[in-house]
Amino acid sequence: MGKTTGYPEKNTDNYSINNRINYLQRTRFLQYASDSLVHRLAESMEIIEAPAGSHIVEKGDAGDTMYFVVDGSVRVHDDNVELANLGAGDMFGEIAAFSPQHRTASITADSDSLLYTVNQESLYNVLDEQPEAARTIIQGLCDNESQFVKDVIGRAVKVKVLEHELEIGQRIQKGFLPSDALEIEGWEIESYFNAAREVAGDFYDYFEIKSLGSVAIVIADVCDKGVGAALFMSLFRSLIRSSALSFDIAYEKAGSANKKYKTRSTDKPPTFDDILSYSIRLVNHYVATTHAKDSMFATIFFALLDPKTGEFSYVNAGHEAPCIIAADGNITRLPTTGPVVGLFDQAQYAVKSGRIAEGDVLLSFTDGISEAKNSDGEEFGDERVIATLESSRYGAKETVSRLVSTVNEFAGSAKQFDDITVLAVERRNLNIS
Amino acid sequence: MGSTLNISISTHQGDDKLTETVTVLSLKGELDSSTYKDLQAKAEEIISEDTKNILIDMSGLNFIGSAGLRAIHTTSNSTKEKGGSVKLLKPSEASQRVLKTLGFDQFFEVFQDLDKAIDSFKPVH
Chain Z
20 MGKTTGYPEK
30 NTDNYSINNR
40 INYLQRTRFL
50 QYASDSLVHR
60 LAESMEIIEA
70 PAGSHIVEKG
80 DAGDTMYFVV
90 DGSVRVHDDN
100 VELANLGAGD
110 MFGEIAAFSP
120 QHRTASITAD
130 SDSLLYTVNQ
140 ESLYNVLDEQ
150 PEAARTIIQG
160 LCDNESQFVK
170 DVIGRAVKVK
180 VLEHELEIGQ
190 RIQKGFLPSD
200 ALEIEGWEIE
210 SYFNAAREVA
220 GDFYDYFEIK
230 SLGSVAIVIA
240 DVCDKGVGAA
250 LFMSLFRSLI
260 RSSALSFDIA
270 YEKAGSANKK
280 YKTRSTDKPP
290 TFDDILSYSI
300 RLVNHYVATT
310 HAKDSMFATI
320 FFALLDPKTG
330 EFSYVNAGHE
340 APCIIAADGN
350 ITRLPTTGPV
360 VGLFDQAQYA
370 VKSGRIAEGD
380 VLLSFTDGIS
390 EAKNSDGEEF
400 GDERVIATLE
410 SSRYGAKETV
420 SRLVSTVNEF
430 AGSAKQFDDI
440 TVLAVERRNL
450 NIS
Chain V
83 MGSTLNISIS
93 THQGDDKLTE
103 TVTVLSLKGE
113 LDSSTYKDLQ
123 AKAEEIISED
133 TKNILIDMSG
143 LNFIGSAGLR
153 AIHTTSNSTK
163 EKGGSVKLLK
173 PSEASQRVLK
183 TLGFDQFFEV
193 FQDLDKAIDS
203 FKPVH
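Same order as they appear, the protein sequences are chains Z and V.
First residue of the first sequence? That's 20 in my numbering, and the numbers climb one at a time after it.
First residue of the second sequence? That's 83 in my numbering, and the numbers climb one at a time after it.
I should point out that these hints are in silico values taken from the structure, not numbers from a laboratory.
Take these hints with a grain of salt, some might be off.
[As the list claims (entries may be wrong)] To give an idea of the chain Z side of the interface with chain V (calculated C-beta under 7 Å), a few residues:
| id | residue |
| --- | --- |
| 1 | G91 |
| 2 | C242 |
| 3 | V246 |
| 4 | S314 |
| 5 | T355 |
| 6 | P358 |
| 7 | L362 |
| 8 | F363 |
| 9 | D364 |
All values derive from a computational prediction rather than experimental measurement.
Yeah, the Cβ is synthetic: ideal placement off N, Cα and C, and Gly gets one too.
Here chain V stands alone, though its shape is the one from the complex (with noise of 0.2 Å):
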């Protein structure tokens, strides 16, 4: 009884012509222990291919563990080393409730909404 996670990518570019291009990963099924790498790969492949900004769709998650945090964190790292980060969207409240708990809140902006995660990457000047 495997867990499952499918990962799509899609690119996109907020409405503000100065917005830098975001990548958008959106993950459904779970990301623990045994799907982590997948995540891991998919993000190690696209900032290897210039991709500096990620944006991490979680509302199709039904379960996130302390492994998928790891690869986050680990993925964030890749991103800091371009000048890049990663932001997160639409976790679920079970979602929501693990990020806090492991104070992940306090270092990943949180978005509800894809255009104002979007046009968060916007660089400060």
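This is chain Z alone, in the form it adopts within the complex (with noise of 0.2 Å):
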């Protein structure tokens, strides 16, 4: 590819010979050649117009043929991964002009163009009357490469330094999950995390509310992936976790004195409907009305559990429905209990409960698992997810590592869409050693 100086100039008669003429002789490919070689190439030039969305070059295809931008603007993509826009004076393909090759990439015509184009015939019957002007045909083209290879290498260093930027927030964001296990006598924590990109929207935490002798399980799935849902994800987990441990920081306070603290409003100790309920709104309201403006929303699965008996309170916002997979297969769903969080401020959560009993797992799980495709398209699907965790009936780690194996068996060799979490929370039947 090329660029031409001192374009673009909308010409009225582009056809003309005239005008043909003026535009090679700006081109820095023809810089070097003489009047009477811009002159035959001009002569044996087509003109082609491609109405705007029409199909210039198909990559793969053979090609033998450098096309000048005259007027309009057309796009080089490989797929939908757009890689250059190209407007009057650019020209490309111009490699295969003198030794036929499949093309690299598409180009496709973003609004009406006209282009001027030189075949591999047309050029070299030019050079067999005039061999002396190959020297600097040659001279232009090593200019025009130079040029390219000096804008590859630019882009491919701008690419190593945000691979290197991406690297940093992903080591930064493994931070966001829990690294060590929770040891919790008589419990375990499974989980299972993979990024469809270098960084995720997707994740899971949980941590003890030690005033409360509470353990809090989270899962949650902020939309979209990359970069924007990733910022998402650390102010999610970040305030969830800071409005649930605000009560531990009020306990140490008040701590010292009396045992117990109390709320202000009711005199009474926080109950972990209290916690849930107020950490959820909190949330919700300062996601939806600082950043409003971004329309970006998570689903969460919240709960607080009691170890000692197993009993949990929880809000679902929007989350795919967790599952309690009893000792004996039995499956209870934890439907939602409001909206998602950050996109609608009047939401309104209910807190429901629920309990794990002795060899119960709590397995919950993001939409990565749910809507993973195979190759042909097809989803894995709810039913799917049921099927494979009513066989199971196995602990924490075995669950998780037999659906997350079901899965990408099903999925094949189909590309990962979507971040992939599962969270599995076993309370151990102690009777059973």
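Using the supplied hints, reconstruct the complex from the two chains, each of which is provided in its own coordinate frame.
Shown next, in the form of structure tokens:
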């Protein structure tokens, strides 16, 4: 690809020989060429009109023609990935005109465009007539290609810098997931996390709220993928943690005097329901008002568990219904109790409760599991999730690994489109040793 | 294997003369992370041309993902700034399930009938 200086210039008659000559004289490719060479090339050129949306070159096709964009704009792309935009004065395909080869990218007209073309036969005919002109063409071609290589190297450097930034982001994001296993007698927590890109919008979390003797369990999916979702992931995760843990800080302050602290409004210690309700409302209000313009949201399942009794309270804000898998294989779902978090400031969230009996597993996952697709585009689906879990009846570790391997087997060679997260909390059956 | 979204636009006026003009965006295909920008761009374009009442006909959608719902929410915000709104028409059973799970059915009016949907944009006095 090469660029001409002094363009764009709207010509009223791009078809006239004078304009063609004028155009070619300004190209870097022909900057060393004699007038007679330019004249002959201008005579042998063809002109094509490419209406907006038409395909000028298809990747993989054999090609022996070079193109000069005279008017309009064309897009260089590899399937859906846009590589460059070319306008009046730009050229492409010059290598193929010297040595026919398969096209390495596709070119599509973005607007109604006019292009001059020279194919190999015309080019070689002109060079046969004027063999001394080959030298000037080679010089021009070298200038073009050296500029192209400079551009490619410049882009490669930028890509490297971005890759490095993403690696840093990835490392920092890992720090937003719990790094240490939570040691609670009689309980086991197992997780699986696999981002579709370098950074993810999914997250899971577990932490103790010591003043309440409770364990918080969170799984969430921020809409979209990549860097934007990852930034919001860190926001959602931090808001949930800090709002829930603020009760511990309040306890530390009040705790030294009297062991039990109380909420100011009711003079009673806060319940699990109070904390869940407060946290989810705070996170929702903050994101829905502070970041209203972004329309970013998360589906969140947030539970507070009493590890002594197995009883828990939860809010499910638009998240895929988690499952309690009983020791006998029976499955209970925990459906939504309110809308997604971060969009609707007026949203109401109900708090519900449940119990994990000995031998039960509370399993939550993101839609990267249920919406995983195979190469035919077929979805794994909720029914397959349940069928896999019903047949499992294993502990946390085994349940997670079986679900993940079943999904991976189903997806086969298909590309993973969404982040995948699974979190399982098992209450061990202490009667079986 | 990219997903596709076709958007066709029509404007409607209800039977009642008091009813405001409603622009119907009929969607066909998949409204997901690779196509939601098309809806957003089209909606922004018509809103900038003074459209404020938008009815999104979802009957031709065979998939809607969270990115699609995000685009609907963004569009809704833009119409609200002009004193209008976004309403939804004829989601498939699968789309309806997604709307319900994510709680969008609580904040967006959903219609099964075009005429009733158009008439619902009548200003409340």
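For each hint, the structure was consulted:
no.	hint	verdict
1	G91	violated (21 Å)
2	C242	holds (4 Å)
3	V246	violated (14 Å)
4	S314	holds (4 Å)
5	T355	holds (6 Å)
6	P358	holds (2 Å)
7	L362	holds (6 Å)
8	F363	holds (5 Å)
9	D364	violated (10 Å)
Checked against the numbered hints above, the structure violates hints 1, 3, 9; every other hint is satisfied.
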